[in-house]
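> Here is what each chain is made of, one letter per residue.
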Amino acid sequence: MVETFKDFGFAVQTAVKGMVITLKTFFDKPVTLQYPDQRPEIDERFRGIHYLEQEKCISCKVCALACPVDCIHIESELPEKGLYDWARFDIDYGLCMFCELCCFPCPTDCIHMGKEFDFSRYSRMDLVRNMLTWEGISSAQKKEVDAIAAEKAAKKAAAADKKKAEGGDKKEG
Amino acid sequence: MFEQSTVIRAIHSTFEWLLGLVGVDIEIIPESIRVVLYGLVAAGGLMSGIALSVMLYVWMERRIAGRIQARCGPNRVGPFGLLQTLADTFKLLRKEDIIPTGANKFLFAFAPMIVLAGVVAAFAAVPFSYDTETGEGIMVADIDLGIFLITSIIATEVIGVIMAGWASNNKWSLYGAMREAAQVVSYEIPLGLSVLVPVMIVGSLSLADATADQLGGNWLLWRSPFMPVVFFIFYVAGLAGCKRAPFDLPEAESELVAGFHTEYSGLRFSFFFMEEYASMTLISAIGAIFFFGGGDLFGLQGDSAILMFLILIVKILISISVMIWIRWTLPRLRVDQVMTLGYKVLTPLAFFMLLGATIWDLTDANERILGFLRRP
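First to last, the sequence lines map onto chains A and B.
Its first residue numbered 1, the first sequence is counted upward by one per residue in the numbering used here.
Its first residue numbered 1, the second sequence is counted upward by one per residue in the numbering used here.
Rather than coming from a laboratory, the hints here were simulated on the basis of the structure.
All of these numbers come straight from a predicted model, not from anything done at the bench.
Backbone N, C-alpha and C fix where the C-beta goes; we use that ideal spot for every residue, glycine too.
Here are the simulated DSS-like pairs of lysine-lysine, each with C-alpha atoms no more than 27 angstroms apart in a straight line: (1) A:Lys61 - A:Lys115; (2) A:Lys142 - A:Lys156; (3) B:Lys105 - B:Lys91; (4) B:Lys95 - B:Lys171; (5) A:Lys17 - B:Lys344; (6) B:Lys344 - A:Lys6.
Every beta carbon over 10 angstroms from chain A, so not counted as near; a handful from chain B, in silico: (7) Val36; (8) Gly44; (9) Met55; (10) Thr89; (11) Arg94; (12) Ile99; (13) Thr101; (14) Phe110; (15) Ala121; (16) Gly216; (17) Ser224; (18) Ser304; (19) Phe309; (20) Ala365.
Next comes chain A alone, as it looks inside the complex (with noise of 0.2 angstroms):
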């Protein structure tokens, strides 16, 4: 009797102990975040989804060989020495891990991880991500690819006009 009476004594003693606790935690300020609303800080070396410096790269495919799911595509023309004539540069997120293998070997250091992590999407297809700022050429690209085109234009007509005028002079002559 007077065993169980202690025992009762002890139990009250720790469910008090017990509130308390939670009583302080009920007034603690919740750590919830509102999470649509309020976004989480992202570290530093967090691994997100990519981000392309465009204007950097080079169009080497490097990281598509390193990467060790094969989840990038790339396709680009060369048009003229320096000038890059983007058709695709795809990553598929269904397949990425990562694992940021991509971003160590290349030589301009144009891909990076980004901090982007929210990329559900409702079907596979619209997980492959299109990374590419502009298609085709670059518009500060694309006057000197015009430049060239026009001076490259220029010189055919100019050695057009003077064969013309060399042939001119044959027939005449």
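Given the coordinates of chain A, work out where chain B should sit on it, guided by the hints.
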């Protein structure tokens, strides 16, 4: 008999006025039909009050649980998440009502009704306020055997739970029901004994008389040194009677899936859910009326019946918050621990307290001690 109660009288005069607008005398309706009609109106009022308060309690429970676990709790639907329970209720109502193939269909459908009806019926004898002019409690059934009626009616809930457990044709349900039977029936002894002490001091079984006796800050809690312990016994036994944690053995989800309501879904499940919160309210109301003065706040409320009602509601809400706080702090007891607590601790303690309080009251110990202290 029904004419004596304040609520029934109010319903009667409302009907009289409404029929008077149409030009019909209320005496046309025979007395027997009128009694049933008034009873139905009162029951509807109680039922909707309970349903609304359950919505508030569920919200409170989730918010408090959240804060205790350093979370927010529901805060999206409506202001402060208050409408979350409404959304959940609609979800629950839309659910398919499944009756298991092996179940006894009649008992299965009937059990939740018995369980809920038992608790709601008990509210008839609870005075929600007190009319100081006429000296009557504002309640549906103003009868002299108030607390006796309440303790007897809530005992029917056990029958409903056993019916639910048996009719489900599920071993977990049956285990839960048997645990419920063992627990609730054994805790009715300390509950009854602890209620007996204030009844003895007041000298009446009616809850309205208890309220009248405590007006002006003369609360039963400090009438004798035994009362705080008695209140503790009452509260613990009440928690066990409501199947609230740490005594939620009948629905111990880690052992018995969901106990006696494993097979229930949709509206029938929500009946069991409402019953739990309604019985919490009942225990809180009885505790507030028998130990904390009911609608009294040291006489500050004056003669206002509405103010007394609001004070009682606040007391009930505080009591329910404490129950929620206990639930989210203490782990569930083992079956044998529950039985040990009931039979070896609370029952003998309640007997001692009854004896002590009786001797204290009979010898006028309060007066003697006060007189001794006042002696120069």
